[in-house]
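Novice: Chain by chain, the residues:
Number of protein chains: 4
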Amino acid sequence: MLSVGLIGLGTIGRVHARNIAANPEMHLAAAFDPVAARMREIADMFGARGAAHLDELLDAKDIDAVVVGSSTDTHSDIATRAARAGKSVYCEKPLDLSLDKALATAEAIRPTGVPVMMGFNRRFDESHAALHHAVKDGSIGRLQLVQMTSRGPNAVPTDDYIRASGGFYRDKGVHFFDLLRFITADEVAEVSTMGAALSDPAIGALGDIDTFIVALRMKSGALVQIDNTRRAIYGYDERIEVFGTGGLVESGRTPRRMVTRSSGDGFLSEGLHANIFERFGRTYYAAMAAFGQFVRNRENSVPSLDDAIAAQIIAEAVVIAAREARTVTISEVIGGARGA
Amino acid sequence: MLSVGLIGLGTIGRVHARNIAANPEMHLAAAFDPVAARMREIADMFGARGAAHLDELLDAKDIDAVVVGSSTDTHSDIATRAARAGKSVYCEKPLDLSLDKALATAEAIRPTGVPVMMGFNRRFDESHAALHHAVKDGSIGRLQLVQMTSRGPNAVPTDDYIRASGGFYRDKGVHFFDLLRFITADEVAEVSTMGAALSDPAIGALGDIDTFIVALRMKSGALVQIDNTRRAIYGYDERIEVFGTGGLVESGRTPRRMVTRSSGDGFLSEGLHANIFERFGRTYYAAMAAFGQFVRNRENSVPSLDDAIAAQIIAEAVVIAAREARTVTISEVIGGARGA
Amino acid sequence: MLSVGLIGLGTIGRVHARNIAANPEMHLAAAFDPVAARMREIADMFGARGAAHLDELLDAKDIDAVVVGSSTDTHSDIATRAARAGKSVYCEKPLDLSLDKALATAEAIRPTGVPVMMGFNRRFDESHAALHHAVKDGSIGRLQLVQMTSRGPNAVPTDDYIRASGGFYRDKGVHFFDLLRFITADEVAEVSTMGAALSDPAIGALGDIDTFIVALRMKSGALVQIDNTRRAIYGYDERIEVFGTGGLVESGRTPRRMVTRSSGDGFLSEGLHANIFERFGRTYYAAMAAFGQFVRNRENSVPSLDDAIAAQIIAEAVVIAAREARTVTISEVIGGARGA
Amino acid sequence: MLSVGLIGLGTIGRVHARNIAANPEMHLAAAFDPVAARMREIADMFGARGAAHLDELLDAKDIDAVVVGSSTDTHSDIATRAARAGKSVYCEKPLDLSLDKALATAEAIRPTGVPVMMGFNRRFDESHAALHHAVKDGSIGRLQLVQMTSRGPNAVPTDDYIRASGGFYRDKGVHFFDLLRFITADEVAEVSTMGAALSDPAIGALGDIDTFIVALRMKSGALVQIDNTRRAIYGYDERIEVFGTGGLVESGRTPRRMVTRSSGDGFLSEGLHANIFERFGRTYYAAMAAFGQFVRNRENSVPSLDDAIAAQIIAEAVVIAAREARTVTISEVIGGARGA
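As given, the protein sequences belong to chains A, B, C and D, one line each in that order. Numbering of the first sequence is given in numbering that gives the first Met the number 0, commencing with residue 0 and proceeding in unit increments. Numbering of the second sequence is given in numbering that gives the first Met the number 0, commencing with residue 0 and proceeding in unit increments. Numbering of the third sequence is given in numbering that gives the first Met the number 0, commencing with residue 0 and proceeding in unit increments. Numbering of the fourth sequence is given in numbering that gives the first Met the number 0, commencing with residue 0 and proceeding in unit increments.
These are calculated hints, taken from the structure and not from any lab test. Please read all numbers here as calculations on a predicted model, not as lab measurements. Among the clues, some could well be false.
Straight-line alpha carbon distances no greater than 20 Å define the calculated EDC-like cross-link-like pairs of lysine to aspartate or glutamate that follow [unchecked claim]:
(1) K218(D) to D43(A)
(2) K135(D) to D61(B)
(3) K218(A) to D199(A)
(4) K218(A) to D199(D)
(5) K171(B) to D306(B)
(6) K218(B) to D199(C)
(7) K135(A) to E269(C)
(8) K135(B) to E269(D)
(9) K135(C) to D158(A)
(10) K218(C) to D199(B)
Listing some non-contacts, in silico: residues in chain D with all C-beta distances to chain B over 12 Å [claimed, not checked]:
(11) R37
(12) A107
(13) S164
(14) F242
(15) R255
(16) A273
(17) F276
(18) T328
All C-beta atoms in this analysis are idealised placements derived from N, C-alpha and C, irrespective of residue type, glycine included.
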């Protein structure tokens, strides 16, 4: 049994709380959140103790692993302290919105040698993961094209969310830059992009975009298209396809139910999930289970600090490409980051 | 070039006229219909001569083959006369609504030795035909179950049509009894059924049904379900599946176009064809082409007189099963028919 | 929190144990099984106490509800004793393989007034349940046809299983007779059937069948086809469609994942679940949750003793129809059962 | 009846010959090709006269319309001469591989006032056309994203074909640049791209690419992704989706038949067409029929000279974007072309 301390009890923190409790090989020992009412509620539901303050949890002898689900600006500090306290760490992405600070944090954590996993949950979607395996087992042949689409949910994010997000490329884009590296087992060579605020003028007013298309060239030569939109009125639509000389593999739309209706004007099949937790709920469970397994035997592969940095570097390259309306190489960003 | 005389220029006759004209290896030489205006129209469209009377067409030296698309009560007489005149014959089903008369007609035609094909066009649907090939090549293994569904079109038949049809089992059922023998290469051993007038009370008032389910046991032991309804508001829905120890093969729904829409309440894919000619239009062309090929070299297999009789015997067994609410063996009907 | 005692820790008992433990509003207090090792294992996994003998569990003051997952021949006795002890009862189907004994058991339990739910878990499949709602809300119009297919799993049942099952109609058929009543909110008027041992000769040698087609006429006049097979090499294939004057609603195949591949010879989409627990695992959780809710407020509708009896009567009618090769009315069986 | 003269009897010319012959409102009067044997063959099949030389056909009094299906380098000259001879013109794309020469040709043809249609047959695919209508009728809302995919056929083009093609962007890309303008009823503002020779090294050796991704921003702000590959081993895979604030409409994959098989390892549905003529055969017929209608009453909209020029300008912009690895505006190309 892995004894876990959970930090941050907002939306994602509660998802982790439930998954830790449901996992037969994990135990939710303690939880911490600045809002006391949240701690009491979680304590009641899952029998975990509420920590009086953060240090109490980080220092607790009976805690093996810390899950960092607090606000983004605290990830770096908490993950570093937890690692230095010898705890295994599961940390929500990103380490920090600033690439430089993320690099520094990774450098601070690495010497501790503790198992660290970054929360790129989409890797644990069974259908997405099938693409990783199809590339790996050679059935795709020489990879030519990857197409990733993600749209939704059917809801407008709040202004506060947008302001704290680091922008759409950094906030949502990184998930797909990580997935792309995971699926292709290849590195990105260069990127270009076009972005726009199309679904919600309020997002444009905040200086952000809600729709982007990103083109990438991999080191192997394969080409990649990623399109992302913040909102789709028809639900959470995420699909990936991988195409090469050996053929095609797709991770397709996931309907809520297998129900189809017809009253004379076509066949209406059941729609998509309303939000990411409905669509990808199972991946959070699977990711946490993979973390438990990783802490125990370190044999399975999980998203690492290096993976998080790599996805973040791609995001930075895309941000430059958007600003300068040109193709940007990854080496430009790595050089810049190292120089900083 | 096969020189063809077409008899009967109603709905199905016009379909044949167009297909004969479009076939590079056939020539529509003459047409006959009691309604003179119909003959003039077809003559104008396809350059065929209108025959002054039926005998003129049947006796014409320049005509190799006769297509019988006239009303059901004339099939037997015209097909027999055409065969005796040495013409190859393509005849719409049935030979006659009376099984005894159909048997007598077949006996009269057989000695002429002319090539005869019965118009069971569904055998020429590419998707349905795939099931025939899947059974034949062994990929189904030992056959366990056949499920045939046919619903539609989205229109109510006229009272006159119903009265002349011979009843739903004989009119539409025979298509599926024929398809079943074609797909399984097996014979029916026994049948049971339930029928009802559900979509249109007017059909019930005429003493007919508009919906039936028929259960059949094949000589091999395989079981079969057939459901047919005269009307479906969602279009022409026809599907067949074949299941055995080796797996499953399905001939599925055929959409009009590959268009899908979503506006938040599911995915609406394009609907079905409105009627049998939209859905199975291509099979009439293919059936006529198969007839031409059959007349030329007699190598390909086409629905024969014996096939038409066999399907009709199954229909008679089902009619008895409906009346007596019991399982009826095919041998009961064959014995009865022979004794008559 | 509902405090539950679980009786029977075989395959289905373990499924219930896990679901009770995962349910935030239920508590697995005690478990009983004649095999002591099973009790220790469940106790270790879920912290439940093992009962020394059955009476200890049935008499325990701290237990509100009893879940009967023991062997079929014990259902009647245990359910009756639990009800008389004032416990709410969740009982696996059937009450007893003998219709007469099932009727007597229902009569013994009813006066106790305790909440009783029969374990027809398929009612809790979200896709199947959509058909129930579509009939109820009128979108099907006047019901014409129901088609139910269930095939699989890809495994041969043991001889012992077959011998204890009561035969295929009673063992698997009742699930669909229950679903049919649930979906249509109508009663069966008459039935006919054909059955055969096609997938596995060993089943025929035991006097049972592995494939059936059942035709049913509902009191409303709607017609129904049910086909069931014990084994399908392509997995657990279960589908239901409901068709009427207002259109069609289908509960379709449920794939394991949304992955499609193509290497030149078509599109290979992900297959079906290997067995009923993979396919319907979620329905067991939902059924147990519905039981908890039913015990608390008795507002939701759950499968009742009467539902179990009704499904069993249909099965008996089908058994007679098979033996006598004729259409059998439900009233024949009810009359016979009452007379017994 | 429209009397047509056909110039060029290669692959595409024969497709047109067959479609003109099958059209009840068109008549194939004459055909010309430098290869005499081709003319004799077409004359035999369709009863058209072979022209002794090109001028004879262009000057013939009995010919209303000329279809230009000869090699690309002759389009400009023949289309101009036919227009000056007062014939209506159906011309395969492009007018000329050189944008400047295409512009000059269009300027030479326009004053003749004859009806001219450019052979962008994909506009006549029923599923693609549904997207045009969905944008037009407002059901897409404010357009956000268009995704166009075209891969295949499963065959390697010859070196000669590649050399004469003008490069992949100009040869195949223009079809999608035209479709994009047709579907969106909007103009392209700017483009960027990445291209590579991935499926066939021989294509790279010739200085061409076989795979590209193109990103476009429309004047309305909508973003567009187009991916094209010369070869896909799984057949001709072409799909388009249009997404906006009102939802999604897709023109999906078109299978050859509706056949699905399962033998235990998933569901194998029928594959795609092997080449463009199988996949889009019907669009050539529909395009030619639209030409006939356009010549008669000029009411329907067909791809015009201006449409061909517009698509060609986008292709030129993309070629520059590829060379300079940057976003290129359409106005840069138009300015350059005008200045030339």
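Novice: Indicate, hint by hint, whether the structure satisfies it.
Specialist: So, going through the hints one by one against the coordinates:
| no. | hint | verdict |
| --- | --- | --- |
| 1 | K218(D) to D43(A) | violated, 56 Å |
| 2 | K135(D) to D61(B) | violated, 55 Å |
| 3 | K218(A) to D199(A) | violated, 36 Å |
| 4 | K218(A) to D199(D) | holds, 18 Å |
| 5 | K171(B) to D306(B) | holds, 15 Å |
| 6 | K218(B) to D199(C) | holds, 18 Å |
| 7 | K135(A) to E269(C) | holds, 18 Å |
| 8 | K135(B) to E269(D) | holds, 18 Å |
| 9 | K135(C) to D158(A) | violated, 43 Å |
| 10 | K218(C) to D199(B) | holds, 18 Å |
| 11 | R37 | holds, 17 Å |
| 12 | A107 | holds, 39 Å |
| 13 | S164 | holds, 28 Å |
| 14 | F242 | violated, 9 Å |
| 15 | R255 | violated, 8 Å |
| 16 | A273 | holds, 15 Å |
| 17 | F276 | holds, 17 Å |
| 18 | T328 | holds, 33 Å |
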